[in-house]
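Counting in the working numbering, the sequence shown tops out at residue 472, every number present.
To be clear, the hints were calculated from the coordinates, so they are not data collected in a lab. Wrong hints could be hidden among the right ones.
Stated by the list, open to error - Think about it this way: if two alpha-carbon atoms lie no more than 27 Å apart in a straight line, the pair counts; the simulated BS3-like pairs of lysine-lysine are:
id: 1; residue 1: Lys379; residue 2: Lys209
id: 2; residue 1: Lys303; residue 2: Lys209
id: 3; residue 1: Lys417; residue 2: Lys308
id: 4; residue 1: Lys379; residue 2: Lys417
id: 5; residue 1: Lys417; residue 2: Lys375
id: 6; residue 1: Lys459; residue 2: Lys417
Claimed, not checked - Ranges of calculated distance between the beta carbons of each label pair, as one might list FRET restraints:
id: 7; residue 1: Gln334; residue 2: His290; range: 36 to 42 Å
id: 8; residue 1: Ser427; residue 2: Asp258; range: 29 to 35 Å
id: 9; residue 1: Thr398; residue 2: His262; range: 23 to 29 Å
id: 10; residue 1: Gly263; residue 2: Val416; range: 36 to 42 Å
id: 11; residue 1: Gln334; residue 2: Ser428; range: 40 to 46 Å
Glycine included, each C-beta is placed from N, C-alpha and C at the ideal position.
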Amino acid sequence: MEDRGVQPLPFGEADDGSCPVRFHLTHRGGDVTRRFVAIVLVLAAWIGGTVAGSLGQVPAAASNPGILIGKAHADYTPSLTGSKPIVILAVGSGARPGEDLLHSLSDSLHLIFLNPDQHHATMVGIPRDSWVDIPGHGSNKINSALATGGPDLMVQTIESRFGVHIDYWAITTFWGFKAMIDKIGGLAVNVPFRMLDTYSGVDLQAGAQRLNGEQALAMARDRHSLLAGDFGRQEDGGRLILAALAQFQKEYDKDPSALLTWIGAGLSNMSTTLTVDQVLQLAYTVTAQPVKNVQNIVLPGSSASIGGLSAVALNTAAASAIFRDVTPDGIVSKKNAPPSPTANQPR
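Between the sequences and the hints, there should be enough to build the whole structure, so can you do that?
Printed below as a string of structure tokens:
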């Protein structure tokens with residue numbers, strides 16, 4: 126009997142001889158199928174209007190895009206419907222408008238492990254000042270890898286240091302982050318504690334509130350008001366990602382047309398070499414993760430002075446245990462999950 130578990134959903138006819146775009150999904154019930162089809166239709170309409178019917182690639186949205194997405198290995202495209210986790214390197218770039226986004230210092234780093242089969246995900250924050258070997262360039266802070274050799278060296282550095290295989294990378298700028306938040310009408314966030322910092326400009330009371338793009342960016346960048354410094358900043362970055370996921374799912378469940386706002390906020394600000402098929406599959410895989418099944422952890426370590434520089438010395442044993450645990454299924458056991466770095470932050 127033919128296996129009907131995974132079915133191609135064709136979209137459009139390629140009269141020019143190119144391959145039609147196909148979307149594959151595992152059937153897990155009507156809600157999943159309806160959500161995926163809605164994503165396909167809205168994205169197809171948006172892309173069709175923007176690219177005048179060309180469905181081969183998602184083009185650069187602007188000469189100075191706020192988001193860049195690419196494959197970590199050009200010759201490898203991971204399955205987004207299997208049991209093996211997909212690993213995404215999410216980078217917050219410190220580049221300013223006009224600067225080279227692909228060769229800038231990283232302001233934040235997260236490895237996101239997505240298990241599409243078990244609908245579970247883990248975000249592992251990496252302190253930006255972590256002292257590591259940069260292949261071919263000696264030792265330095267991990268945030269210098271992108272500036273030194275672009276996404277390829279950033280991927281190579283993290284893969285060699287932590288023994289993981291990265292599938293995709295996504296780089297977001299300050300202006301891209303702010304624009305996305307403003308375009309969706311702000312982000313509902315439960316701010317865990319009072320945040321006041323002149324460096325980042327954050328001034329937030331603890332509690333549930335809706336942040337505009339400027340406020341959300343300030344929260345993401347704050348480290349001076351946190352007892353845990355950069356460790357706390359990485360955790361707050363994860364909190365914002367979780368808040369966005371929760372808000373999308375809530376708004377979509379209430380009104381599926383909200384999808385148009387979210388898609389427009391992302392794609393209108395994006396440049397990528399991925400195909401439409403890959404973008405759709407990746408977007409669906411990410412947004413299908415239940416928030417309650419997403420872990421937000423930060424690699425533990427301590428502040429250190431290395432070569433006259435203020436840096437972070439990672440706890441090598443703890444980091445190794447975390448990545449051995451998370452790599453097979455995208456889940457970190459309670460035994461290996463480090464405590465929250467902001468657990469002692471005054472509320």
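To see whether the hints hold, each was checked on the structure:
Pair hint Lys379 plus Lys209 does not hold up; C-alpha atoms about 31 Å apart against a cutoff of 27 Å. A hinted pair counts as satisfied when its Cα atoms are at most 27 Å apart, and Lys303 with Lys209 does not qualify at roughly 33 Å. Under the criterion of a C-alpha separation no larger than 27 Å, the hint pairing Lys417 with Lys308 is consistent with the structure, at around 26 Å. The hinted pair formed by Lys379 and Lys417 meets the criterion: a straight-line CA distance of about 19 Å does not exceed 27 Å.
Straight-line distance between C-alpha atoms of Lys417 and Lys375 comes to about 13 Å, which keeps the hinted pair within the 27 Å bound. Restraint check for Lys459 and Lys417: satisfied, since their Cα atoms lie roughly 15 Å apart, inside the 27 Å limit. For Gln334 and His290, the Cβ-Cβ distance of about 38 Å falls inside the hinted range of 36 to 42 Å, so the restraint holds. Checking the proposed 29 to 35 Å range against Ser427 and Asp258 shows it is violated: the Cβ atoms sit about 19 Å from each other.
Evaluation of the 23 to 29 Å hint for Thr398 and His262 yields a pass: the beta carbon distance comes to about 25 Å. A beta carbon spacing of about 41 Å between Gly263 and Val416 agrees with the range 36 to 42 Å that was offered as a hint. Take Gln334 and Ser428: their Cβ atoms lie about 31 Å apart, and the range 40 to 46 Å is violated.
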